[in-house]
Structure formats: C-alpha cells, structure tokens
Amino acid sequence: MKNTLLKSLGAALLASTLAVGFAAAEKVKVSVTAIVEHPALDAARDGVKDALAEAGFKDGENLTFVYESAQGNPATAAQIARQFIGDAPNVIVPISTPSAQAVAAATSDIAIVFTAVTDPLGAQLVSDMEKPGANITGLSDMSPVGEHIALVREVLPELKTLGVIYNPGEANSVSLVNALKAEAEKAGVEVRESTAIKSSDVQQAARALVGKVDAVYVPTDNTIVSALEAAIAVGEQNALPIFSGDTDSVTRGTVASIGFNYYDIGKQTGAVVARILKGEKPGDIAVSIASGTDLVVNPSAAGRMGVELPEGLVSRANKVIE
Amino acid sequence: MSAIAFWGAVELGLIFAFVSLGVYLTFRILDFPDLTVDGSFPLGAAVAAVLIINGVNPWLATMAAFFAGGCAGLVTAFLNVRFGILHLLASILTMIALFSVNLRVMGRPNVALLMQDTVLTPFLKLGLHPTYMRPLFLLMLVLVALVLLALFLRSNFGLAMRAAGSNPRMARAQGVNVGFHIFTGVALSNALVGLGGALFAQINGFADVTTGVGTIVVGLAAVIVGETLLRGRFIWVALIGCIVGSILYRIAVQLALSADVIGLKASDLNLATAVLVALALILPKLRRGKTT
Chain D
22 MKNTLLKSLG
32 AALLASTLAV
42 GFAAAEKVKV
52 SVTAIVEHPA
62 LDAARDGVKD
72 ALAEAGFKDG
82 ENLTFVYESA
92 QGNPATAAQI
102 ARQFIGDAPN
112 VIVPISTPSA
122 QAVAAATSDI
132 AIVFTAVTDP
142 LGAQLVSDME
152 KPGANITGLS
162 DMSPVGEHIA
172 LVREVLPELK
182 TLGVIYNPGE
192 ANSVSLVNAL
202 KAEAEKAGVE
212 VRESTAIKSS
222 DVQQAARALV
232 GKVDAVYVPT
242 DNTIVSALEA
252 AIAVGEQNAL
262 PIFSGDTDSV
272 TRGTVASIGF
282 NYYDIGKQTG
292 AVVARILKGE
302 KPGDIAVSIA
312 SGTDLVVNPS
322 AAGRMGVELP
332 EGLVSRANKV
342 IE
Chain X
344 MSAIAFWGAV
354 ELGLIFAFVS
364 LGVYLTFRIL
374 DFPDLTVDGS
384 FPLGAAVAAV
394 LIINGVNPWL
404 ATMAAFFAGG
414 CAGLVTAFLN
424 VRFGILHLLA
434 SILTMIALFS
444 VNLRVMGRPN
454 VALLMQDTVL
464 TPFLKLGLHP
474 TYMRPLFLLM
484 LVLVALVLLA
494 LFLRSNFGLA
504 MRAAGSNPRM
514 ARAQGVNVGF
524 HIFTGVALSN
534 ALVGLGGALF
544 AQINGFADVT
554 TGVGTIVVGL
564 AAVIVGETLL
574 RGRFIWVALI
584 GCIVGSILYR
594 IAVQLALSAD
604 VIGLKASDLN
614 LATAVLVALA
624 LILPKLRRGK
634 TT
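If you read the sequences in order, they're chains D and X.
Quick note on the numbering used here: the first sequence kicks off at 22 and runs consecutively.
Quick note on the numbering used here: the second sequence kicks off at 344 and runs consecutively.
Derived by calculation from the structure, the hints in this document are not laboratory data.
None of the values given here were measured: they were computed from a predicted structure.
Footprint (simulated), chain X over chain D, 3 or more residues, beta carbon under 8 Å:
(1) 96-102
(2) 115-129
(3) 141-152
Chain D is nowhere near these chain X residues, computed Cβ spacing over 12 Å in every case:
(4) M406
(5) L417
(6) V424
(7) I439
(8) A488
(9) L489
(10) L494
(11) S498
(12) N499
(13) G518
(14) I578
Only some residues are given here: those of chain D computed to face chain X with a beta carbon under 10 Å:
(15) T54
(16) E58
(17) V87
(18) S90
(19) A91
(20) Q92
(21) G107
(22) A109
(23) A192
By construction, the Cβ of each residue, glycine as well, lies at the ideal position given by its N, Cα and C atoms.
Excised from the complex, chain D in its bound form (with noise of 0.2 Å):
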C-alpha cells in the first residue's frame, strides 16, 4: 500500500513537471502571493494586474500572472515562496509583510517588488529606502505625511508651525511623527508636538497648541481619531484648521484630507514591475512611499475654522463634503 501511494505521488508529481514546463514559453510571467484573502490586498492584487495591462504585459497574450493566497497561514507563506522561486518567474509580488519577507529569505536573485508593506526598513526587507541594492524594491503603504504638509501648506501657505497629536504608545503613531518630522523639516515648517496617552486627554492635547501653531495634523492615530470631535471642537472654538491623516476623518470635520486605496498602492506597484520587465534593475528603483491619490475636502468645516479652501484645491477633489 505505501508502495502505491508513493507511485501516485510520483505520478503526480510528475504531471505537474511537466505542465509547468509545458506553459513556459517566451512569455514573460509575474507571481503574485498575498498572506491571505482581504479585500483591501485583492485590490492591490487586482491594481498590478491592470497596471501591467496598461504597460503592454497582458496576462494570457505575453503575461502568465500567476497569484497564490496563503490563506492567512505563514507557513504556507513560506511554502508559497519555495513554489514560485522553482518556477523561476521574471518578477516575484508579495503583498503584506510576512509574504514579503517570506519570499526575501527564499532567493537572493529573483526580481522581487513588495507592496502593501508599512515600514519595508523595520521588516528589514531593504536597509536604505533610497538605493536598496541586491534583487529587491517595492512601495509602502505608510500615510504620505509629505503630501499631506503640501495640502497644509495649499490651504495655509503662510504655514509657520504645525502642530501635531498623538498618542506616544502607539508605535505607528511614532514613526508617523518621526515622518511627519523628516518632511517637515524638507518643506521648512516646524513641528510642535502634543501627546494624549488616552482619548479623554485629547481635547487637553488640542487645546496645549492653541496660539502656538498654525494649524494641526491629526496622524491615523487610534487614540486620537476616536476622540476626533474634541479636537475639532478646540479648532472652531479657537480658529484653528485641524487636518487629518485619513480621509474619513474629513466626513467628521477636519478640514481636508490626501487618502489612497489599495487598487492604486496595486497600481503604483504593477508600474514598479513593468519598468523591471522593460530591463531596469530591483536594486536602482527606490522604495517608494503610495501617493495619495484621494483628495477629500470640507469647505464648511474650514469655514468654521476661519480657513477658506482655494478654488482650485475643491475643484480638484475627488469628493467634497457639505
């Protein structure tokens, strides 16, 4: 009996060599692997298939786009990874952190362009976002503070000092600020913080920065989002535009907001794969942080912040609350 189930094994094992060798031929072919099924990563996954498309690489014509779940196992991450480095593919996409350093670990030659990953230096999957050198690049999903101070500074462009609160427990909250801080310093503002350990201290927090700065950012801070309204209400009180990290936020009363969806993060990403396709090198592509591509504004909360949005910014975004 162990003698026949080997042999079916073998057998099988043996018509999967032979289709996947079959199926290769002078097509260029890109496997995708996501941790697990998500809405938010299926649009990522869906966002490279169609930036691919757009570059001239159709699945099916000159593409073979194979894409694996590991159904929320690990493991299965790993083994997935072993999978798609034995079948040799031009370029490797793993969405989440651990597809991503899953396949990291398992080849140091295949192409690979990570995406949906927040802090790509903290997962030691690059150690210089700028030049990451070796096989690898791909986007991070962090919040683009950098836009965000533009928007700011659309809004305001006298901006001086900007305030910022958040919570100092929340590690993403830290290395929001620590970002927020590095962009800051690139655009010339200053940046004045204020903590609030719980959401009860939040109006307290808001309140500290008043005559201080010129506006306010709200990072995607839990403590501090769900306490958004008393912070709102210490910028109307006190003419003072609160601006938030999220686009939702905005529909709460700050003033406006730069957001991305995953379906653009995939998109982004798929353009990273095709200029790999099209001859360029992992390694010479920087680590990029996902633009925003989800303006969301809200002139009466602005207008209740003693703040009036330019034309051209309302009538650039994509949705205008009222």
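Using the hints, position chain X against chain D.
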C-alpha cells in the same frame, strides 16, 4: 512542481516534524489532546527572534525557545492536573493567552530576522546550494531529536509515561505518578514545538504573531498520515512515521498549490490540501479492502 518547490516542501515538512513529534507525544502517548501548540510554535519563534536581534547567540536563542515552549506546556499541564480543568479547555486557555504573551515578547506583531546571523548561517557558507543545505541541516536536527526521543521513550521513565497515557488507573496502581508524567510529557511536547517555531523564524527570516494558526491541524494530520503509512510495534517506527507524515503533508500542500493547472483557484488551496490528505488516508484502506 519544480525541484526547488519540492525541496522547499521537504524543508518545511522537516521543520514541522518537530511539531508532529510533539503532537505525537501528547495526542498518542499521553492521550492528551493539546491545542497549546498553536501558541507555543509562535512563542518559540518570538523568543528566538527577539533574543537574536538583541545579539544572543542563535543556538542559545534556539535553546531558550525550546524552554519557553516547555513552560507553555507546563501551564497547560498545571491547569489540567492541579485544577482538574478538562485537558482540551486547559490547552485552549493557554493557547489564547499565548497570543497576548507573544505580542508582549516581540513588542510588535512582526520581528524580522532577514539580516541577522541564524543557526543556519555557518552551514550556508559550506558551499552547498541553500535549496539543498536547508533541508539537509534540518534533517540532521530532526534525526538527533528522533534518536533522543526514541531513547527517552524506551527508558524506564519513558515506559512509565507511556503506561500513564495508555492506562492511567493501572499505572497509578503500579506506583506511577501520572500527574508528574503529564507535566513532563506536555512540557516536552511544547518544547519541541517551540524549537520548531524557532527554526521556522530563523529559516524564513521572520517571527510573526499569526504563525501559529493551524499548527495543531498540521501536527495531527502528519501524525495520522504517518501512522497510516508506517505501522509497526516499535516506538521508533511511529516516530519516523511522524516525520514522514509531516513531509507528505507539505508535499500535499505543494501539489495543491500546483493544482491551478487543473482549474483550481488560489482560494481553493485549503480544500485541495484537505482532499489530498484525506486521499492519503483513504487509499491504503481501499487497497486493503480489495485484497481481503
């Protein structure tokens, strides 16, 4: 399936052989269904990863992961033996608690080891391609564990443990301290699983808090596939069965991954894996049915 994918499956199978040996110890020897492994596998990964990024020698870190897994097992055994909580529930309680403990240990959901030296690093410098070096290295470790475990289970102490599992009342009448053997067995089982987690983290370059999902399922499937294929009266045959079962399970996953060819979608992976494992269990029985 390419050669790299095949050896990748063997490699993962060998890592999970530590899990199936551990599960065999609780599930078969002690008759103690233990779900703690879903927590002790990532615990081992977390402990090893955190120690390594803090500059501890990788072998010491791996040993620490072994002991951390053992401690997790002790908690389950303590809840069961001391307070009489049903073994299944005791292990579920430890398992869910370990999720928080693992987050505490790592301080974040994911710790990367892609740029650190691990137990594997010196071996990769020997010249053999990593595709073959990784499974070879793991095979050595698994064989060491196999020999030690077989010796342990054949010692007087091990025999008493097997007696305590198969007939506790009888064992007690013979002067065997059943509670003590549950402590030792469950701790040893989870220590092995923790060791597997530590190796997984080092070889795949990361420890992630979600790594434990379904560990018990994989371990049990491996034990049962192994039992079905290798039958024998000797304990070492059963232990080898666990290792073979673990590798075959991974090969089944690999076949399921390659099944896109016959029109299955990525989302069918777990279904295809389950069908293949079920076939591995059913086929020998069908065959036997025909011959008799």
